[in-house]
Amino acid sequence: DAKTTQPPSMDCAEGRAANLPCNHSTISGNEYVYWYRQIHSQGPQYIIHGLKNNETNEMASLIITEDRKSSTLTLPHATLRDTAVYYCIVRPRSGNTGKLIFGQGTTLQVKP
Amino acid sequence: GAVVSQHPSWVICKSGTSVKIECRSLDFQATTMFWYRQFPKQSLMLMATSNEGSKATYEQGVEKDKFLINHASLTLSTLTVTSAHPEDSSFYICSAPRDTNQPQHFGDGTRLSIL
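Here the protein sequences come in this chain order: A and B.
Those letters in the first sequence? Residues 11 to 122, per our numbering, in order.
Those letters in the second sequence? Residues 6 to 120, per our numbering, in order.
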């Protein structure tokens, strides 16, 4: 079973920041938070991951709360091409089989 | 560019035939690969873990005799859907990590339609 809870859908205006929340209240100390997205009819694309510190890369920023029970993925300037299903997943970074268990994700619709 | 390649990208077959799907890691060796299935408007469901040189590990409820997995080399895993029927029609996706400390890379999926 997925260990995360996400809103089923969100809208965002093109050019504005898209903030996608994720609850992971049962996260354990060795589990990382990973974000992937899936554009229609394609395989998932890795976005970012983090343990407890905020992370930023060329695609997005990830803010994890101090108690690590929730996080927010931010796309700073959403474009129409960012319309996709966004998945928040928790798992250990290493030391296990590495399998990812996907929940239902958030469908982000970026509108002109 | 893509680091995990799937072939074919789509296939249409008659009921009762077997279909083989290939998953290749393009510029790295993958001792482990993963196979997922996705039905329309649903999330990805992990089917099995493909292990190079040993038997695949199947998730609960996935028939190992129905979905044959072979990981004969460090860059190739194959999924064969045997005696496929219309209910096997789905989007099949593979993934592989460069190593256990790296995020997984996914292929672009194979859309299978059984008539």
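Worth flagging that the hints you see were computed from the coordinates, not collected in a lab.
It cannot be assumed that every hint is accurate.
To be verified - These stretches of chain B come out as covered by chain A in the derived footprint (C-beta under 8 Å, 3 or more residues):
1) 42 to 56
2) 107 to 119
As the list claims (entries may be wrong) - Dumping the calculated SDA-like pairs for lysine to any residue here, alpha-carbon to alpha-carbon at most 25 Å:
3) B/Lys46 x A/Ser19
4) B/Lys46 x B/Tyr63
5) A/Lys109 x B/Asp93
6) B/Lys19 x B/Val8
7) A/Lys13 x A/Ile58
8) A/Lys109 x B/Gly21
9) A/Lys109 x B/Ile17
10) A/Lys109 x B/Leu120
11) A/Lys109 x B/Lys19
12) A/Lys109 x B/Gln43
13) B/Lys46 x A/Asp77
14) A/Lys62 x A/Pro122
15) A/Lys109 x B/Cys18
16) B/Lys46 x A/Ser51
17) A/Lys79 x A/Lys109
18) A/Lys13 x B/Gln107
19) B/Lys46 x A/Pro122
20) A/Lys13 x A/Pro122
As the structure is a computational prediction, the values presented were derived from the model and not from experiment.
C-beta: ideal position from N, C-alpha, C; glycine also.
Which earlier hints turn out false for this structure, listed by number in ascending order?
6, 8, 9, 10, 11, 13, 14, 15, 20
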